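J.: Take a look at the letters that make up each chain.
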Amino acid sequence: MSDYILEMKNITKTFPGVKALDNVNFKVKRGEIHCLVGENGSGKSTLMKVLSGVYPYGEYSGDIVFNGTVQKFSHIADSKRVGIVTIYQELALIPELTVYENIFLGHEIKKGKFIDWEETIVRAKEMLKKVKLNINPSIKIKDLGVGMQQLVEIAKALSKDVKLLVLDEPTAALNEDDSENLLKLIKELKEHGVTCILISHKLKEVLEVADSITVLRDGNTICTLDASKDKITENIIIKHMVGREIEDIYPKRKVKNFGDKVLEVKNLSAYDPNLSREILKDVSFNVRKGEIVGIAGLMGSGRTELALSIFGNSKGYRVKGDIFVNGEKKRFLKPKDAIKAGVAYVTEDRKGNGLILIDDIKSNITLANLKSLCEKGFINQNEEIKVANEYKASLRIKAPSVEQKVGNLSGGNQQKVSLGKWLFARPYVLILDEPTRGIDVGAKYEIYTLMNELVKQGMSIVMISSELPEVLGMSDRVYVMSDGRIVGELPIEEATQEKIMELATN
Amino acid sequence: MDFIREAKQLLKQNIRDYGMYIALAVIMLIFTIRTGGLFISSRNISNLINQTGYIAVLSVGMTLVIVIRHIDLSVGYVAGFLGALIAILLTKYGTPVPVAILVALILGLLIGLFNGYLIANVGIPAFVATLAGMLVFRGALLLATEGTGTIIIPNKSFNAIGNGYIPDIANIKGVHLLTLIIGACTILFYIYSEYNTRKNKIKYNFEVISKQMFILKLIFISSIIGYVTWILSGYNGLSWTVVIVIIVVAVYHTVTTKTSLGRHIYAVGGNPEAAKLSGIDVSKITLIVFGSMGLLAALSGILYTARLQSATTTAGTLFELDAIAAAYVGGVSAAGGVGKVTGSIVGALVMSSLINGMNLMGVGISYQYIIRGAVLAAAVIFDVKTRNKSK
Numbered sequence: 001m002s003d004y005i006l007e008m009k010n011i012t013k014t015f016p017g018v019k020a021l022d023n024v025n026f027k028v029k030r031g032e033i034h035c036l037v038g039e040n041g042s043g044k045s046t047l048m049k050v051l052s053g054v055y056p057y058g059e060y061s062g063d064i065v066f067n068g069t070v071q072k073f074s075h076i077a078d079s080k081r082v083g084i085v086t087i088y089q090e091l092a093l094i095p096e097l098t099v100y101e102n103i104f105l106g107h108e109i110k111k112g113k114f115i116d117w118e119e120t121i122v123r124a125k126e127m128l129k130k131v132k133l134n135i136n137p138s139i140k141i142k143d144l145g146v147g148m149q150q151l152v153e154i155a156k157a158l159s160k161d162v163k164l165l166v167l168d169e170p171t172a173a174l175n176e177d178d179s180e181n182l183l184k185l186i187k188e189l190k191e192h193g194v195t196c197i198l199i200s201h202k203l204k205e206v207l208e209v210a211d212s213i214t215v216l217r218d219g220n221t222i223c224t225l226d227a228s229k230d231k232i233t234e235n236i237i238i239k240h241m242v243g244r245e246i247e248d249i250y251p252k253r254k255v256k257n258f259g260d261k262v263l264e265v266k267n268l269s270a271y272d273p274n275l276s277r278e279i280l281k282d283v284s285f286n287v288r289k290g291e292i293v294g295i296a297g298l299m300g301s302g303r304t305e306l307a308l309s310i311f312g313n314s315k316g317y318r319v320k321g322d323i324f325v326n327g328e329k330k331r332f333l334k335p336k337d338a339i340k341a342g343v344a345y346v347t348e349d350r351k352g353n354g355l356i357l358i359d360d361i362k363s364n365i366t367l368a369n370l371k372s373l374c375e376k377g378f379i380n381q382n383e384e385i386k387v388a389n390e391y392k393a394s395l396r397i398k399a400p401s402v403e404q405k406v407g408n409l410s411g412g413n414q415q416k417v418s419l420g421k422w423l424f425a426r427p428y429v430l431i432l433d434e435p436t437r438g439i440d441v442g443a444k445y446e447i448y449t450l451m452n453e454l455v456k457q458g459m460s461i462v463m464i465s466s467e468l469p470e471v472l473g474m475s476d477r478v479y480v481m482s483d484g485r486i487v488g489e490l491p492i493e494e495a496t497q498e499k500i501m502e503l504a505t506n
Numbered sequence: 001m002d003f004i005r006e007a008k009q010l011l012k013q014n015i016r017d018y019g020m021y022i023a024l025a026v027i028m029l030i031f032t033i034r035t036g037g038l039f040i041s042s043r044n045i046s047n048l049i050n051q052t053g054y055i056a057v058l059s060v061g062m063t064l065v066i067v068i069r070h071i072d073l074s075v076g077y078v079a080g081f082l083g084a085l086i087a088i089l090l091t092k093y094g095t096p097v098p099v100a101i102l103v104a105l106i107l108g109l110l111i112g113l114f115n116g117y118l119i120a121n122v123g124i125p126a127f128v129a130t131l132a133g134m135l136v137f138r139g140a141l142l143l144a145t146e147g148t149g150t151i152i153i154p155n156k157s158f159n160a161i162g163n164g165y166i167p168d169i170a171n172i173k174g175v176h177l178l179t180l181i182i183g184a185c186t187i188l189f190y191i192y193s194e195y196n197t198r199k200n201k202i203k204y205n206f207e208v209i210s211k212q213m214f215i216l217k218l219i220f221i222s223s224i225i226g227y228v229t230w231i232l233s234g235y236n237g238l239s240w241t242v243v244i245v246i247i248v249v250a251v252y253h254t255v256t257t258k259t260s261l262g263r264h265i266y267a268v269g270g271n272p273e274a275a276k277l278s279g280i281d282v283s284k285i286t287l288i289v290f291g292s293m294g295l296l297a298a299l300s301g302i303l304y305t306a307r308l309q310s311a312t313t314t315a316g317t318l319f320e321l322d323a324i325a326a327a328y329v330g331g332v333s334a335a336g337g338v339g340k341v342t343g344s345i346v347g348a349l350v351m352s353s354l355i356n357g358m359n360l361m362g363v364g365i366s367y368q369y370i371i372r373g374a375v376l377a378a379a380v381i382f383d384v385k386t387r388n389k390s391k
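In order, the protein sequences belong to chains C and W.
Just so it is clear: in the first sequence, position 224 is 224 by my numbering, and no numbers are missing.
Just so it is clear: in the second sequence, position 382 is 382 by my numbering, and no numbers are missing.
Simulated from the structure, these hints should not be mistaken for lab results.
Hints may be right or wrong, so weigh each one.
Unchecked claim - Computed from the model, here is a short list of chain W residues facing chain C with C-beta under 7 Å:
1) LYS199
2) ASN200
3) ARG263
4) GLY270
5) ASN271
6) LYS276
Said to hold, decoys possible - From the derived model, a few chain W residues whose C-beta atoms are all more than 12 Å from chain C:
7) ASP2
8) TYR190
9) ILE280
Predicted model, so just to flag it, every value in this text is computed and none were measured.
Don't be surprised by glycine CBs; every beta carbon is placed ideally from N, CA and C.
Sequences are here, hints too, so could you generate the full structure?
T.: Shown next, in the form of C-alpha cells:
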C-alpha cells in the first residue's frame with residue numbers, strides 16, 4: 001500500500017464561466033494532519049466537495065485515489081462508506097434531537113428491525129469519551145454551545161469508523177479555549193490513526209498542528225510544504241496564498257482626527273424574555289466622529305446583543321436606557337428608526353440574517369435605502385444598476401456583473417456586498433459585528449483599508465470582534481465586555497492582548 | 001451568425017422565464033390540432049379566458065402569499081361566502097350594485113387583514129390560521145344559503161361582470177372594432193415603452209440586446225397581442241372579466257417589479273431576518289400581502305357569482321387549490337422569494353386550457369384530474385431542475 005492515503009490527481013472542475021479548479025494535485029500522507037489553506041475563492045471548498053462526492057464523478061475531470069483504489073463517488077454516502085467524513089462549518093446536527101440520536105443518525109444501531117436504544121446510548125458514551133466531552137448523551141443539541149456541538153460532530157464521525165476526517169473551518173465560530181481543545185483532539189486522533197485534512201484561515205493554528213500544508217490560489221496548487229523539512233512561518237504561507245507579501249496586516253492611519261460624540265449609549269439594560277434572563281446590564285459607551293471603537297469580549301459576553309439592542313431591537317428584548325445620536329436623544333423601536341437616524345449594523349451572520357442569498361448583488365446593496373432611488377414611488381432601475389456598479393468597483397467585489405446572485409459569491413465578496421449595502425444607507429455610525437469572520441487574508445486587508453478610508457471621511461465605526469489582534473490593530477479605543485457588562489475601557493496605547501483577556505475572563 | 005448565437009444565449013439564460021410560455025403554446029397547439037381547430041376558434045378562446053378569470057385573480061394574490069413563504073387556504077370559501085353575500089344584498093335588500101360590490105371588497109380586505117394579523121402579530125402558522133378560516137367561511141356560506149339554496153341573481157348589470165362584453169362603436173362584418181382599436185393601442189404602447197427602456201439603458205451605457213434581436217422581439221410580442229385581439233374581436237370582443245383581470249395583473253405587475261413595496265415583499269420572502277435588519281417591517285408586509293389576498297378573494301367571488309348569475313352552496317370549493325396550482329405551474333418557489341405575477345397568470349391559463357381542451361376532446365373527468373396532476377408535477381420538476389442548473 002502506498003504511503004499516501006489520498007491522492008487527488010489533475011482535478012479540474014468548472015462552473016459556468018469559471019474554472020474553480022485547474023489541474024489540482026493534492027496528496028495526503030497516511031496518519032498526518034494536512035492543512036489546506038488559500039484565500040476565499042481559491043478552490044479549497046470546491047476541492048473538498050469533489051472529494052466528498054457533493055460534485056459527483058463525471059462533473060469533474062481527474063482521479064481520486066483513496067487507499068490505493070480509484071474512487072468514483074456519485075454521492076456523499078459513497079465517500080462516507082469508504083471512511084471519508086467531512087465536517088462543515090455549518091454543522092449538520094439536528095437541534096431538536098439528543099446527542100446520542102445525532103451521533104448515530106443515518107447509521108442507527110438496530111436489534112432486528114428496531115433501534116436498540118440502550119446499545120446506542122452506551123456506544124454514544126464511548127464516542128463522547130473519545131472526544132473528551134463529558135456530557136449526558138440524552139441532552140438535546142440545541143442546549144449545547146457551538147464548541148461542544150463541534151465535538152459531537154467529531155464523535156459522530158468517529159462512530160462511522162472514519163479514516164479521513166475533513167474539517168472545514170472548524171474553529172471559525174469557536175472561542176480560544178474551545179479552539180485549543182479541538183486542536184488538541186485532532187492531534188490525539190492522529191495518534192489513533194485518523195488522517196485529517198484541516199481547512200483554516202487561522203494561520204497560527206495551522207502552524208501549530210500541521211504536518212503538511214498545501215496552498216491553493218485561484219484554483220491551482222501553489223505548493224505543498226512539509227513541516228518536518230521546511231521552515232514555515234505565517235509570512236511564508238501568506239506569501240504563497242496571495243502571491244505577494246503583505247507587510248502589515250493592519251494598515252495604519254496617518255492622521256487621526258476625532259470630533260464630537262456621534263453615538264452615545266447610557267445605562268442600557270436589556271432583558272431577553274425568551275431566555276428569561278438579563279443580557280445587558282447598565283452598559284454605557286460612546287464613539288466619536290472619525291473613530292474606530294473596538295468591542296472585545298468572549299462569546300456570549302453580550303456584544304451582539306448590545307448591537308441588536310441599539311439597532312432597533314428586532315429580537316424583542318426589553319430594553320431600558322438612553323441612546324444619543326449626534327447629541328440628540330433617540331428611541332429606536334425598529335431597525336428602520338435606527339437606519340433613519342444614521343446607524344447601520346452589519347451583522348455577524350451574513351448568510352443567516354445579513355444578505356438575501358437568492359437575490360442579486362444590486363438588490364442587496366440597495367435594499368436598506370431603496371427610497372433614495374424612488375421617483376414618484378417607482379424604483380429607477382437604471383440608477384440602481386449604476387449605484388450597484390459604483391459599489392462593486394469601489395469595494396472591488398469580484399463578480400461578472402451586479403446581476404450575479406449573492407449566494408454564488410465567496411465569503412469575502414459577500415461581506416463586501418453587506419458593507420456596500422450599509423454604506424449606501426449613508427450612516428454616521430457603522431456597527432460591524434465580526435467584520436472579517438471566515439474571510440481570507442487578502443479580503444481582510446481590503447476591508448481594513450476600507451474601514452480606515454471611511455473614518456477618514458468622517459464616519460464612526462464600532463467594531464465587535466473576537467480576534468484580539470484585529471481589535472488591537474484597528475481600534476482607537478477598546479471596550480471590553482463580560483457577562484453583559486462593559487468591564488473596561490482602554491485607550492489603544494494601553495491595550496494589550498493580556499489586559500483584554502484578563503478583563504474579559506474576570 | 002452572431003444573431004443566432006445571441007438568440008441561443010438569450011434562450012439559455014431565460015429558459016425558466018420562457019418555459020411557461022412555451023408550455024402554454026405547445027398545449028394550445030396540441031389541442032388545436034386534436035380538435036380540428038375548434039380549440040383556437042374565437043368563441044372557445046373567449047370562453048376559455050373568461051372561465052379563467054376568477055382563478056386568475058386569486059392566483060395573482062396567492063403568488064405574493066407564497067413568495068413571502070405563507071399559504072392561504074381560506075380564499076375559496078371567502079370568495080364563495082362573499083358571492084353569496086352579494087346575492088343576498090342584491091335580491092333581498094335591493095342594494096345598488098356598486099354598493100354591494102364595495103361592501104364585498106371591503107369585507108374581503110378585512111378578512112385578509114385579520115388573517116394577516118393572526119399570522120404576523122399573533123404568530124399562528126399561515127396554514128393553520130387560514131385552514132380555520134376555510135372552515136369558518138364554508139360554514140358561513142352554508143348559513144347564508146341555508147334557507148334558499150341557490151340564490152338566482154336577476155340583476156343584468158351585475159351579471160354583465162361575468163358574462164358581458166365591452167360595448168362596440170361600430171361592428172364591421174362581425175368584427176368587434178373597439179377591441180381591435182384597444183389591441184392596436186396596446187401594441188403601440190408596448191413598442192413605445194420597450195423603445196423608451198432601451199433608450200434609457202443606452203443612456204446609462206448598459207448592455208442591450210442587438211438591434212435585430214430587439215426588433216424581432218417587438219414583432220413577436222406585437223403579433224401575439226395582435227392575434228389574441230383578432231381572435232377575441234371575432235366573438236363579441238373583450239369581456240369585462242378580461243378587462244378586470246388585465247387591470248389587476250397590470251397593477252400587481254407594476255407594484256411587484258417597479259416599486260419599493262414590491263422589492264420589500266420579495267426581500268421578506270428571500271430572507272425575513274435580513275429584511276427585518278434592513279429596516280423592512282415584516283409584519284406590515286405580511287398584513288399587506290394577506291390584505292391584498294382577501295381583496296382579490298372578494299373580487300374572485302364577484303366574478304364567479306356574476307358568471308354563474310347565482311350564488312350556490314358549493315361556490316368556492318377548491319378555488320384555493322386551483323390558485324395554488326396555477327402559482328406553482330407559473331414558477332413560484334415554495335422556498336420563498338421567487339415568483340412572478342405574470343407567471344401565475346400563464347399558469348392559470350395552462351391549467352384552464354387543459355380542462356377546456358380535454359373537455360372539447362371528450363376526455364373523461366377521471367383522466368382529466370390525473371393529467372392535471374401530472375402537469376403540475378412536471379412544471380415544478382422543470383422549475384427545480386432549471387434552478388439547480390443556474391447555480
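J.: Does each hint hold? Answer for all of them.
T.: Evaluation of the provided hints:
A least Cβ separation of about 11 Å between LYS199 (chain W) and chain C goes past the 7 Å threshold, and the interface hint is therefore violated. The restraint placing ASN200 (chain W) at the interface with chain C holds, with a minimum CB-CB distance near 5 Å, inside the 7 Å limit. Against a cut-off of 7 Å between C-beta atoms, the interface hint on ARG263 (chain W) holds, since the closest Cβ of chain C lies about 6 Å away. At its closest, the beta carbon of GLY270 (chain W) sits 4 Å from a beta carbon of chain C; the interface hint therefore holds under the 7 Å criterion.
Using the Cβ-Cβ criterion of 7 Å, the hint placing ASN271 (chain W) at the interface with chain C is satisfied: the shortest such distance is roughly 4 Å. Proximity of LYS276 (chain W) to chain C holds as hinted, the smallest CB-CB distance being about 5 Å (cut-off 7 Å). With a closest Cβ-Cβ approach of about 19 Å to chain C, ASP2 (chain W) is found to remain outside the 12 Å limit, as its non-interface label requires. Every CB of chain C lies more than 12 Å from the CB of TYR190 (chain W), the least distance being 18 Å, so the non-interface label holds.
Here ILE280 (chain W) does not stay apart from chain C, with its beta-carbon only about 8 Å from theirs, under the 12 Å limit.
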